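Residue numbers (my numbering), protein chains in the order written: chain A, 1 to 117; chain B, 1 to 113.
In case anyone wonders, no lab produced these hints; they're calculated from the structure.
These numbers come from a predicted model, not from an experiment.
Ideal Cβ placement from N, Cα and C applies to all residues, glycine included.
Errors might be hidden in some of the hints.
[Unchecked claim] Residues from chain B shown here face chain A by an in silico Cβ test under 8 Å; the list is partial: (1) G43; (2) L46; (3) F89; (4) T93; (5) F103; (6) G106.
[Stated by the list, open to error] Result set (DSSO-like, lysine-lysine): computed pairs, CA atoms no more than 27 Å apart in a straight line: (7) B:K42 / A:K66; (8) B:K5 / A:K41; (9) A:K64 / B:K42; (10) A:K55 / A:K20.
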Amino acid sequence: GAVVSQHPSWVICKSGTSVKIECRSLDFQATTMFWYRQFPKQSLMLMATSNEGSKATYEQGVEKDKFLINHASLTLSTLTVTSAHPEDSSFYICSAQSTSGGYYEQYFGPGTRLTVT
Amino acid sequence: QQQVKQSPQSLIVQKGGISIINCAYENTAFDYFPWYQQFPGKGPALLIAIRPDVSEKKEGRFTISFNKSAKQFSLHIMDSQPGDSATYFCAATSRSYGQNFVFGPGTRLSVLP
Chain A
1 GAVVSQHPSW
11 VICKSGTSVK
21 IECRSLDFQA
31 TTMFWYRQFP
41 KQSLMLMATS
51 NEGSKATYEQ
61 GVEKDKFLIN
71 HASLTLSTLT
81 VTSAHPEDSS
91 FYICSAQSTS
101 GGYYEQYFGP
111 GTRLTVT
Chain B
1 QQQVKQSPQS
11 LIVQKGGISI
21 INCAYENTAF
31 DYFPWYQQFP
41 GKGPALLIAI
51 RPDVSEKKEG
61 RFTISFNKSA
71 KQFSLHIMDS
81 QPGDSATYFC
91 AATSRSYGQN
101 FVFGPGTRLS
111 VLP
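Only chain A is shown next, with the shape it has when bound in the complex:
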């Protein structure tokens, strides 16, 4: 159980275009999902917290108009990188939250490699 999928697994786009990444919890409902960005050989950097039916909460320094997050259902959150630039190239990972015994657990998707040319 606790499987999270991401689509696409990799994407190449041209500078100035927009890219949408989907995150789905396949076998459980997730009120909350998270979006992370990871640079090579570095830890996970939280970008935003996505709650179903409400606006996402962005971390300091993350441009909410550039990284649009929509959590339309209990199993789907999307991240849209608008007007992408080469510096947006990165590994984007989502996670979905579940609770067990009153504690939060996060289950991660396989990640999406974005390359902006």
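Since chain A is already given, all that's left is putting chain B on it; use the hints.
Below, chain B alone, put in the same frame as chain A:
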């Protein structure tokens, strides 16, 4: 105070050896400590987790040791195998802190055949 420190940054172990990764935290409100394993190009996978009401948790070859007074916890990988070569992240969170996890910087483990 929300930081989680992790060491070593990288670790090389011979096959069959014991791999030990240490983490330390400051926030005494943290009450859940998971470890994640990440292979290159993949998302992190939950490996094992511990709550502070126990000092040790074992799952197969993986053991978490927890020292509440020292605010430290560690991951031990017994009989390390080349397939264990990955990056390991410790994390901490608390029910009172909210939903966010604080991740350590990661440890790159290489197990030599």
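To see whether the hints hold, each was checked on the structure:
no.: 1; hint: G43; result: holds (4 Å)
no.: 2; hint: L46; result: holds (6 Å)
no.: 3; hint: F89; result: holds (6 Å)
no.: 4; hint: T93; result: holds (6 Å)
no.: 5; hint: F103; result: holds (5 Å)
no.: 6; hint: G106; result: holds (5 Å)
no.: 7; hint: B:K42 / A:K66; result: holds (24 Å)
no.: 8; hint: B:K5 / A:K41; result: holds (16 Å)
no.: 9; hint: A:K64 / B:K42; result: holds (25 Å)
no.: 10; hint: A:K55 / A:K20; result: holds (17 Å)
When the structure is compared with the earlier hints, no violation turns up for any of them.
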